[in-house]
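Take each chain as given, in its own frame, and dock them per the hints.
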Amino acid sequence: MTNEIIRKTDLSGANYLIEIIVPQIAQRFKPGQFVIIRIDEKGERIPLTVADFDSARGSITLIFQAIGKSTRRLATFKVGDAILDCVGPLGKPSKIEKFGRIICVGGGTGIACIYPLIKALTNAKNEVLSIIGARTADMLILEDEISQLSFRTCIATDDGSKGHHGFVTDVLIELLDEYKNSGGIQRIIAIGPPVMMKAVADITKPHNIKTIVSLNSIMLDGTGMCGSCRVFIDGEMKLTCIDGPEFDAHRVNFEDLISRLEMFKEKEFEALKYYLHPTGYIR
Amino acid sequence: MIEIGGKRVTMMEQMPKQRVQNFRSVPFGYTEEEAISEAQRCIQCIHAPCEKMCPVHMEIKAMIREIVNRNFKRAFLLAKKDNPIPAIAGRVCPQEDQCEGVCPLHGTCNGINIGKLEAFVADWAMKNGVEEKFHIEEKEKKVAVIGSGPAGISCAVDLRKYGYQVTIFEALHMAGGVLQYGIPAFRLPKNIVDYEVSYLSKIGVDLKLNHIVGQNIMFDELRRDFDAVFIGTGAGAPQFLGIDGERLKGLYSANEFLFRTNLMKAYKFPEYDTPIVCGKVVGVIGAGNVAMDVARCALRLGAKDVYILYRRTKKESPARAEELQHALEEGVKFVELVNPTRVIGDEDGWVTAIELIRMRLGEPDKSGRPRPIKIDGSEFIMELNTVVESLGTKPNRLFLDMTPELKTNQWGTIVVDENLMTNVEGVAAGGDAIRGNATVILALGDGRKAAASIHKKFLRRQ
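So the protein sequences, as listed, match chains Z and X.
Using the working numbering, the first residue of the first sequence is number 1, and each one after it goes up by one.
Using the working numbering, the first residue of the second sequence is number 1, and each one after it goes up by one.
Isolated chain X, as found in the complex (with noise of 0.2 Å):
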């Protein structure tokens, strides 16, 4: 038996030097063995804040119970009942922030490692070929899903178990959003992303790709055409500060650099045809998930150093605890407490340096960090050839443009009632749309809750 308050068996993972040469994987998953180990520290609480903590409400402790007794198959089946992407979100979720932040081990010793062994059981899952399988009732009723990322997934996957006649339209090539698009293959590999949507088609979701909601296909023809609409566009737009030498080439959004990194695998240039300009001096401004992932995408890219440009410091960048570690670990350098006040080019347009204005810490804000309040005279040049924009997305104006009838809010976020509900009848939303920046396991929940609500409506209404 292995005693209450041991150490979390060690993920082990590429070493950083070696892993900032390829796109691979870092950590190489739990062993079943491993697994074992590790689900063998949980004290099988009787409350399990861990749950109640998860914005799925996924057994958690039942699926630890069950890698225990190395039944495998009943811990997925666990996890995949109400979770229907446990492969990505046991990649991805702030864990430290829900599950394990909660765990009673946490603090005293280190919580359990929920999400690794999400990931474990998702894989081995993958790995032999166990599905889940269940009745479906066919209904006549038909549903429209925009959007492939996290939130779509979710709620198309609830709505078939419904039985509802599920079509989603996806504006890119590849369906998965920003798991596709925006999260880097050595954090998310894009084998489990495809091994995910196709579980889509798999259970009868019809899947629509290069349909542009608002652009090629409209949001009225969708509403004549479908008894319900699920809204999951995300927040797919950049925001730039709008500082003089954003015109400048070798300045990108953070959209950019990742799009043509993971989407179109410029990281495979000339080989793929899609080109990425990567200097050896790299800065990123901003410090959440996405300027590590550009960061680290960089580095992969042949940068010689990488600096998060950040206005507060490492102690408040709202990154994954995983992330800042890893890419720390891969040599990304911090500047803190800086922001950007102009790029500088040379005659030729090319990004050159960077003129950072040193910021000092004042009173909490609203998000209870402290306040970044500028020092005047205080600017300096830091040289460089690549600047990325890591400031945040907002939603696609796009989509928004073309349906007044939805209302927003100030920051350009549907707004939905608690059922995730819009004002337009018969129109849920959620994920990013109605959030702005979250996170995937946000989204999961939130398309799985607007699933309840539509099929709720559908039976008021019979």
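Extracted from the complex, chain Z is given alone in its bound form (with noise of 0.2 Å):
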């Protein structure tokens, strides 16, 4: 059945992962491309990114934190259980070649975001560097699958419960280091918070590394009708859903997409309250 959850894992963490059966998104998901859901006839349209895509099985996996009532909703939902709608692959795809030696940074939910694209560097003959950092070693996903693929995988807990203590951000910095005289670092792929790939950018600037990161705007339609993923590239307009959602880190205002997350966050909090306690609600 289209859209039916065959598969669900708690990732502890309040992280999730739910296999979906959706034949035609599988067989046209390219990696960096993301998916819009609607639980329900009460749902929001949530973006969400794809964790990994199984054509000949028809199925897309997609990773979430349950955090706020949407997710906490879909949280809820069982294998066997379909959600109502499941649109895309939206975005535009990354872009995979052989670069060369690349470094991939992912944080919190983010890993999940960045694992296809370094599965598909990987087969493109890349050399890839994995940075994979959380809160902590028990917020941390898809280390086996990622350490697997890449040629070097480190990690970073912000608690030092697993790898470095420290931000991931540190991480980098030291392999910049280590590998400025064997070659260097062609390309630099950063998913994560955004106060992360601001860092990540700032970081690789001076070394005039092409760093590429992906925008978690809030989103809506998802098509360019609302303008609410709005993002400013070079002081540019531009639409995370189909312009991006991927952007050069170093012409991204960062200020801008961090302060425009913040828009319905009273509401987010007011929408999690009615969830918990629907009879005690007082608007």
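In short, the hints are calculated from the structure, not lab data.
Cβ atoms here follow ideal geometry from the backbone N, Cα and C, with glycine treated the same way.
There's no promise every hint is true.
Claimed, not checked - Pair by pair, the computed Cβ-Cβ distance ranges are:
| hint | chain 1 | residue 1 | chain 2 | residue 2 | range |
| --- | --- | --- | --- | --- | --- |
| 1 | X | 382 | Z | 138 | 47 to 55 Å |
| 2 | X | 24 | Z | 273 | 23 to 31 Å |
| 3 | X | 15 | Z | 273 | 31 to 39 Å |
This is how it looks when you write it as structure tokens:
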């Protein structure tokens, strides 16, 4: 059945993995793209990155963190349940070719998004160095899968429970230094919280290494209709949904992105309160 | 008998104070007796200029006569014959510029309220389960229709009546296009849109939702798998002024504001998941129908003061008379002869004010309306918390970027010939995709005309 969930895994740290049957999307999906789902009649349109896809089985794998009302609602779905809508693939695919040596930086659920890129870039004969990080070892996802594919994998956790005690950017600085005299780094891809992507961009800019980020702006239709995902690239307005989601990190105005992501924060909190205590809810 | 020149039968509607608290329909619609009384005012003039002015040439005179005869079914079938969605057109057509504007009674007294009579017969049919019945002689040829807005609906219906196998590809999760995401429920109740859309499946149109042509299904595939294609992709891309401060939180395109409110039902938040942040003081840039829709939605979302910020005056507003009147009754205020120069925000990135420059009216421009001219040094600041830019929309580049073979003009609309055929063999287009910002009824007319062109093409080839 289309849109049916055929696998669900609790990845700990409030992260969930679901595999859903969407043959048309699975056949057309290319790394770097995303989907928009709607759980049910009352659901919002949620943009989600695709962690994996299997065109033979006709399925895609989504990883999400259940924090707000919508994602918590999605987390209640079981194997055999179906979501109402899943549209995609959306956005422009990532550029996959032989670049040479690439560093892929993934933070939090951004790791799910960067995983298909690591896979595709490795297949394209690149030497992929992966840096993945999370707040705690518990919240780290896809560690084994990424380690198996990557030429080298480094881990960072905020609390030091695994790998480097600190940020992924600390590791990035070390790697840049380490490879400086042995061919350098040809390309960097960073996907994670906007503050992380901004920090990566700030570090790589003086090194003049092409750095790509995948932005997670607030989206609605995902087809260029509403302009809610507008971002500013060298001062020019672009839409993440149809011009992105990937952009040149050195040209992105991250302050605006971070600010705009706060637009519905209070509403999201209100929605969560309503979800947790519907009867006691006072508007 | 009612004497000629009598007044229009008043349309009962929700009182302004009450209706700004809800999203229910403003007019209640005519009762049978009211509809008959209004229909009786029609003098059944020989020339019926109303029908000539109607973009789909509905048989208005005959429809009105049947209402007088209390034969509502016949009246409905007459309306439906030329207009696949009379319940919608009756509510959103700019009648004062079309049928009602040329009614001989217009001027001396009020023209016949044709729009409300049309909506009446359609509502009556819906309530009484009366449907148009026709025999479809199935043909093998397949036609793809891109977009399920007014143009796509009317094209699909006519193509089905000719007997072709029709598939509609709709990008969103619901069919109806602008009828669904754009026009608010208080102007066009969504059960009516749902009913009219469900008619498509009833007559055997295959409706594919979540299919974005140019993104997850390619134009080439449609051309390969279908014998003809109709493009009714509308004008869905918002325009921004390009002034400072458009990055701020609290600034929306009209599309986003209406999409959240109408399609995603943000007015029912948090029962529905999609939120909208609407401040106490709202400025809407622009004065067309969409701007009125935004302004009236904002009031219903709890705004205290809603201002239309317009570079001309109320008189030049392109909005329908009824929309303008309803908005004013509800307390929407006009700030005339101003143009925004920048949007101002606080340190957290939220809109706090807008800077406007005063304008004066000069010589008429190409649209026939006086051209607004800036008055240098007249900038002033107006405090507000929400800004919505309603500057008109343009065709979506997502589709056009992926179809470079389609000829477009400098405004990004698709170029067609007099039969609505594009430069690409077997591909027709209509509605806002070829016109920019136009009306539901013109899109309906285009859909029908394109269906006829496609039909003729097939006949010739056989």
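Requested in this report: Return holds or violated for the Cβ distance of residue 24 (chain X) and residue 273 (chain Z) against the range 23 to 31 Å.
Outcome: Because 28 Å falls inside the window, the suggested range holds.
Query raised in the report: Is the distance from the Cβ of residue 15 (chain X) to the Cβ of residue 273 (chain Z) consistent with 31 to 39 Å?
Result: holds, 34 Å
Report task. Given the range 47 to 55 Å, decide if the beta-carbon distance of residue 382 (chain X) to residue 138 (chain Z) lies inside it. Result -> holds, 51 Å
Taken one by one, the earlier hints all hold for this structure without exception.
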